[in-house]
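Novice: Listed below, chain by chain, are the residues.
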Amino acid sequence: MGRGEAIISGISELAPVMDAGGRRTLDFLAEAAALAVKDAGLGKDDIDGLLVTPPSEDTYILWPSQVAEYLQLTPVFMNMVELGGASAVAAGARAKLTVEAGICRHCLCLSGGVWDAQGFNTRANKTAVMSQAEIDYELPYGPMGFNSGYALIARRHMHQYGTTPEQLAKIAVDQRINALANPQALFNTQPLTIQAVLDSKVIVDPLHLLEIVRPCSGAAAVVVSRSDRGHDWPHHPVDILGFGEAYTHNSISYAPQLSQSPVKMAAQRAFQMTGRTPGDIDLVSLYDCYTITVLITLEDAGFCPKGAGGRFVADTDLTYKGDLPCNTHGGQLSCGQASFAGGMSHVIEVVRQLRGEAGPRQVRKNRLALVNGNGGVMSTQSCLILERK
Amino acid sequence: MDYKHTFWHKLRTGHLWLQYCPACARYVFYPRERCPHCWEAQLDWQPLSGMGRIYSYTVVRVSALPEFQPPYIYALVELDEGVRLATNIEDCPLESIQVGMPVRIKMINREGHEALPVFVPA
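From first to last, the protein sequence lines are chains U and Y.
Counting in this note's numbering, the first sequence runs without a single skipped number right up to 389 at its last residue.
Counting in this note's numbering, the second sequence runs without a single skipped number right up to 122 at its last residue.
Hints are computed from structural coordinates only; laboratory data are not their basis.
Since the model is a prediction, treat every value here as computed from it, not as a measurement.
Treat each hint with caution, since some may be false.
[Claimed, not checked] Quick partial rundown of chain Y residues pointing at chain U, CB under 10 Å, derived from the structure:
| id | residue |
| --- | --- |
| 1 | 70 |
| 2 | 72 |
| 3 | 99 |
By construction, the Cβ of each residue, glycine as well, lies at the ideal position given by its N, Cα and C atoms.
Just chain Y, with the same shape it has in the complex (with noise of 0.2 Å):
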């Protein structure tokens, strides 16, 4: 099974599909081939709300990537289901960005990712 492919292509439903382990009962990010909390192999594909907090953030001021013009913002944000990814935090004032700070799912196309989901203040 192509997770990797099948990940990046459900992101166009404007949903985030995450791997869900039945036997475990949790969420598996990033994709993979096998559950990492139980090492079963049968994984299924559920979407998730889209909803989370901003657990931790930096604003990038010094860029390696000419992509990325600082500033930005590079952040982990911990999904209501308890599912933590990196991101960047779109749509927000540099001053006004908080941990805690409630976000909501928002999909930008960008180099290479037709559906890329970034977040944004809830």
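Isolated chain U, as found in the complex (with noise of 0.2 Å):
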């Protein structure tokens, strides 16, 4: 046993939506698994792992073992993964170990989540996703949650290296021609312009309206399995080559700087650990809540250089026609942020390219690939480098 041995052999992604006509995370995540198991050519059965990102709902105790009871499953191993938005790309790294540990054959990761639209921008969803220091030392002078700990990241990179709104905007412009390919994507009718970015509302400066993710409703899932010989697979298999991982603070006020991020050292472990560089990355799929996300983790993964990034997406052509196709599903900007799926979301779309089955919006170069998770503001980071058998 060992590296290259797990593969991703099923996947599912629900259609995000904005209204759960009264569905809870548990009913999502149940079709989400059943049609991942159906998607590897697998039964219930067979799955003896389970990997699992938190609830929107409050009860979180014994969450892993609430969701093996809703679905009937007696896995041999099971966790929650909690590292925020990085948590379902993190499942897949924690997968790739315990079917290479020879713990689990087919270990299933469900992800997803409920949006509460009554809750939406109010205090306590605010303070829900704060920690104690937060609440104590932050609150008091009015933070708006993730949207102006990104806001303080985009202003300190616009101060650093001169990066323009304008070029953050291209980042949503294209990512919504790729969603424009996408049937399942929320937001797939309207093109984008940078001036229509522009002219959206400032709801934190510097950043617009059609800058921020939208949250919904939704689940997705992955199927790790381990790669045996001769195995017949419905699907061409997705090696997860490697892996890598950093973490440096919780609350962007302790980062140790806003314009560089731990995707720095977590794409650089995952590169270490496969042997390949950006250079032979052809897709990448990277965490989007917001387009200054999506910029400064293309520097810090090492596509270009450190304040680079507003060039260098001004100039690159991010969509599934381009030279960089980058979230080609339209990422969570265009996708809506299904809770915890958000970040699966990106996966799974690499796993549809590297299959060839990703239909109108199919890249032509599809062997390797890097999907990032990240979570907080900046905080956790996870990345995964997936390869075509």
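Dock the two chains into a complex; use the hints.
Specialist: This is the structure in structure tokens:
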């Protein structure tokens, strides 16, 4: 057993919806589970590992056990992965470890959640994602949750490197072009222009409404399996070649710096584990809660020099037709962020592309991809490098 | 030791006091029981200059907190002693604010805080 023996054998992603219609996180997870296991050509009884991201509801206690009970699974290994937006990608890394250690044969990674329209943009909604230290020493100054954290990063990057609002807006524009070719995307009817992004309301300067992710409901799942010679998988298997993670802070107030993120170390570790370089990568799928997240991730993962991200995104076609296809499903900016499944959408899109099943938005070169999951305010980072076998 | 209480109480002197670790000679913020740098348990309190620079800022235009009426400036200030903290910049026209701008501390009275440190242009 060893490196490269864990594959993604099955995937599923429910179309993100604004109205959950009364369904709970468990209901969404169960649908995604059934679809992913079927996609892998497996049955429920084949699943012996379970990794879940947290629910939207408050009932965290024994969450993996709740999920296993609902689905009547009896895994030999299970756990909850809570690294914020990095959880889903990190679940993939942990599934690889358990499968390659011989603990599980088929590990089901589940993520999803329900968006609560009533609680949106309220005090409760903002404080629910804050640590006690943030409540004690930041809340007295009126922070706006993740929005203000990423705004601080964007402003600092603009100051240090001359990055412009137009350059940031270009990321949202390219991702919308991708979304127009994705029937499942929440926002896939109207093309965007840089001017339209800049004309949208400033929420927390310098971030405009159309640079900020839209919360919604949904779920996504992947099955990570031990690759066995001779096994006839229904879809082209995708190798989890390697991963890298890095963690430096929780609140952005205590980050070592604002314009460089722990993505740098996470990506370096992933490249080191796999012996690949950014130049080998055919496409990327990068956590995009905000436009600035994508720009910093491109820099820190090594696709352009530090500080050159603004010019790089302005000059590079990031669509599925371009030289460095990025978030070819439209990303969370155009697909919506179905809670923790938002991060899983990045994994799933890459698997579709590597399998050659991305339909009208299929990229030409589709052997090697980098996926990034990001949680908090550039706080938790997990990178996966995936390869078509 | 009630370090939270000590932090807020000492602000009433008109100065910002932070925990300081004699073992590794570093300031500690936010307050806690043990030095996060070297894990020593013994921490002192020291007054700081109250001078610093704006490390980054955002003008909040849409607020989810009723007591915060936009627009207002939410910022990270880097103190001359090297510590970074979240705060508001006050007495500063929105069009004149800049990253790197020198600022000094000012105590204000705000809901639940008799002495809340904010910063104003130096």
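Novice: The hint names residue 99 of chain Y as touching chain U; please verify it with the least Cβ-Cβ distance against 10 Å.
Specialist: holds (4 Å)
Novice: Next item in the hint list is residue 72 of chain Y. Is there a CB on chain U closer than 10 Å to its CB?
Specialist: Hint on residue 72 of chain Y: holds, closest Cβ of chain U at ~6 Å, below 10 Å.
Novice: Given residue 70 of chain Y as an interface hint, is its Cβ closer than 10 Å to any Cβ of chain U?
Specialist: holds (9 Å)
The structure agrees with every numbered hint stated previously.
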